[in-house]
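From first to last, the protein sequence lines are chains A and B. Take the first sequence: its letters are residues 1 to 299, numbered as in this note's numbering. Take the second sequence: its letters are residues 300 to 630, numbered as in this note's numbering.
Worth double-checking, as some hints may not be accurate.
[As the list claims (entries may be wrong)] Here are some chain B residues pointing at chain A (derived, C-beta under 7 angstroms): (1) F415; (2) A418; (3) E421; (4) V524; (5) G538; (6) L579; (7) L583; (8) I584; (9) Q587.
[Said to hold, decoys possible] Derived SDA-like pairs (lysine to any residue); straight-line CA-CA distance at most 25 angstroms: (10) A:K189 - B:Y411; (11) A:K95 - A:D179; (12) A:K33 - B:G409; (13) A:K91 - B:E486; (14) A:K95 - B:R406; (15) A:K91 - B:R485; (16) A:K95 - B:Q591; (17) A:K33 - A:S5; (18) A:K91 - B:N592; (19) A:K123 - B:G572; (20) A:K33 - B:A483; (21) A:K189 - B:A590; (22) A:K95 - B:L581; (23) A:K123 - B:R575; (24) A:K33 - B:E488; (25) A:K123 - B:Y571; (26) A:K123 - B:I533; (27) A:K95 - B:H489; (28) A:K91 - B:E599; (29) A:K95 - B:A483.
Because the hints were derived from the structure by calculation, they are not lab data. Just so you know, even glycine gets a beta-carbon here, dropped at the ideal spot from N, CA and C.
Listed below, chain by chain, are the residues.
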Amino acid sequence: MTYFSLLTVNGLVIGLIYALMAAGLTLVFSVLKVVNFGHGSLYMMGGYASYYAIGLLGVPPIAGVIVAMVALFLFGVVFERLVLAPMYSDKVERKDEYAIIVTFGLTILLTNLGLVVFGPFSKSPPAFLQGTLIAGPLILPYDRLIAAVIAVVILSGLSWFLARTSLGQALDAVSQSRDSAAVIGINPKRMYTIAFGLGSALAGGAGALIAPIFALSPNMGELPGVQAFIIIVLGGMGSVGGSIIGGILLGIVQGLGVGFLPDPNRALAYTQAFGALLLVIVLLLRPTGLFGRAHMRLE
Amino acid sequence: MHGTFRRSHGLQALLLLAAIAAPVVAGPYWVHVGALAWYYALLAASWALLAGYAGQFSFAHVAFAALGGYGSALLTLRLGLPLALSIPLTVILAMVFGALMGALVLRLSGPYLALFTLAIAEIFRLMLVAEENVTRGSLGLEVPGLFPGGSDVPYYYLGLALVVLALLAMNGLLATRVGLFLRAIREDEHAAQASGVNTTLHKIIVFVITAGIAALAGIYYGHFVGILSPNMVILPEMGLVIAMAVIGIESLPGAVAGAVIVYALSEILRDYGEWRFVLLGLALILVQRFAQNGLFPVVERYLDRRVAPHAKSPFEVANVPNVEGDYAKPS
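All chains, please: the whole structure from these sequences, using the hints.
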C-alpha cells in the first residue's frame with residue numbers, strides 16, 4: 001500500500017512536469033496550428049539554461065527556473081520570427097510539411113549542439129532544497145515537492161493569463177479563428193510570436209524543474225517530447241486544461257505501471273508503449289481528443 | 300524543357316556509371332560506406348515517394364525497415380527457413396502491414412499523420428526492446444551474412460542493384476496514371492476525390508509499395524551489417540532519412556543523390572563528431588527556409604544562369620526561359 005501511494009505521488013510530480021510541457025505544446029498548436037516537433041529539445045535547453053545560470057551566474061536554484069523560462073521565451077520568439085514566419089505567407093506551399101521539417105530540424109540541431117557544447121555526460125544542478133519530507137507513509141524528497149509546487153504555480157498562472165487577461169483572450173481568439181481575430185483588430189502574427197515564445201518558455205521551465213530530480217543530458221528531451229505529443233492528443237489538441245489533466249493522468253498511470261508489471265525491463269518499455277498506444281487509439285477513434293474543443297477538430 | 304529532360308537523364312547515366320566503377324578506385328572503407336549509403340538511399344527514395352509525391356508524411360518508415368531486417372532474420376534463425384523463402388515472406392508481411400497502416404491513416408493528414416506514425420514506430424521499437432527472448436532486445440540480434448568471405452564489394456553491388464531496381468519500379472509507377480493521382484491527392488485530396496480519383500485505393504497502394512521497399516532495405520542492411528538493434532527505429536535515424544530526402548527532393552533520383560551526399564559527408568566529417576549533425580539540422584532548416592524544392596533545382600538554376608550568358612546558339616538561348624519556367628510553382 002505504502003509502495004503504491006509512493007508511486008502515485010511520484011507519478012503525480014512527473015505528471016505535473018509533463019503537463020507543463022504539454023501545455024506549451026498545446027498553446028503553440030492551438031494558436032499556430034503547428035505541432036512543434038522540437039519541443040523536447042527546448043525542454044533540454046531549459047534544463048541547461050538553468051544549470052548554467054546557477055553554476056556560472058550564481059543565481060539561486062529556484063531563480064534558475066525563471067532564467068530558463070525567460071531565455072527560452074526569447075529563443076522561441078527569435079526562432080518563430082526567423083524560421084516559422086514565412087509559413088504565414090504564400091511563399092510556403094505545403095505548410096504542414098514545412099512546419100514538421102523545420103521543427104524536427106531544430107531537434108537535430110539542438111540535441112547535437114547540446115552534445116558538443118554541454119558534453120554527453122549527465123550533469124546535475126544543485127537541489128532546490130536538500131532533504132526529504134516524511135509524513136506518515138509518504139516519503140517525498142523536497143526537490144520533487146518544490147518542483148510540483150512551482151509547476152502548479154506556473155500552470156495556474158497560465159490558466160489565469162489565458163482566461164483573464166486581454167492578451168490571453170487575444171491568443172484564444174486567434175486560436176479559434178485567425179481571420180475573425182484579425183477583423184476585430186488583433187494582429188495574428190504578433191500572437192503567433194507570443195504563443196511560440198510562451199510555449200518554448202513552458203518547455204524550458206519544465207526542463208529546469210526536472211533537472212535536479214533527474215540528471216541533465218543532451219537527449220533528455222526525446223522521451224518527454226513523445227510523452228507531450230501523447231498528452232496533447234489525449235487531452236484534446238489545443239485545450240490547455242485538457243493537456244494539464246492528460247499530463248497528470250499519464251504520469252500517474254506510468255508511475256503505477258512500473259510498479260505493477262513484474263519484469264522491470266518490460267515494465268519500463270511497455271508503460272511507454274502504452275502511452276503511444278493510447279495516442280494511436282485516440283487519433284483513430286476520437287481525433288478531437290478526450291477533452292477536445294470542437295473548433296480544434298481534425299481538418 | 301526537352302533539354303533539361305535529356306540532361307538529367309544523361310547525368311543519371313553518368314552517376315550510375317560512376318557508382319559502378321567506384322569500388323575499383325575506392326578502398327574497402329569507402330566501399331563499406333557506399334554499401335551503407337545504399338540502405339539510406341533506398342529508404343530516402345521510397346520515403347520521397349510516400350511523403351514527397353503522395354503527401355503522406357510518415358515517421359514509421361524506419362520501422363518498416365526494422366520489420367524487414369528483424370522479420371527475415373527471425374524467420375531464418377528461429378524457424379530455420381531458407382533465405383529464399385524468408386526474404387519474400389518478410390517483404391509480403393511488410394506490405395500487408397503497409398496496407399494496414401495505409402487503411403488506418405486514411406482520415407489523418409499533416410501533423411496528425413506524423414504523430415500517428417511516430418507513435419506506431421515508437422511502439423514497434425519498444426516491443427523490440429522489451430521482447431528480449433525473441434529479439435535479444437538492446438543487445439542486438441546477430442544476422443548471418445549473404446556472401447562468403449569478408450569483402451563488402453558484393454554487398455555494394457547488391458545494394459546498388461536494389462537502388463536501381465527500386466528507382467525504376469517507382470519511376471515506372473509515377474509515369475502511369477497512378478503517379479498523377481498520387482500528386483493530385485497531395486495537392487488537394489477532396490478535389491482529387493471529386494474528380495473521380497479513388498483516393499483510398501491509391502493511398503493504400505503507396506503505403507504498400509514504400510513499405511515493401513523499406514523492408515527490402517532493412518533485410519539488406521541486416522545481412523550486410525550482421526547485427527540488428529532497436530536503434531534502427533530511433534527518431535534520429537528517421538531524421539537522417541528525412542534530411543536526405545528533403546535536401547535532394549523534387550525527384551526520386553534526387554533523394555538517392557541526397558542520401559549518398561549526406562551519408563558520405565557525415566563520414567568525411569567524422570572527425571568533427573556531433574558537429575556534423577548540428578550541420579545536418581541547420582542544413583535541414585535552411586533548405587526548407589530558402590529552397591523548399593530541395594537543393595538540386597537551385598543548383599541547376601544556378602548552372603543555367605552561368606551558362607546562359609555564354610550561350611551563342613539560338614536553341615540554347617531560347618531554351619533558358621523555358622527551363623526557368625519549369626521550376627515555377629505549379630499553383
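Q) Are there hints from earlier that the structure breaks, and if so, what are their numbers? A) When the structure is compared with the hints, numbers 4 and 17 turn out to be violated.
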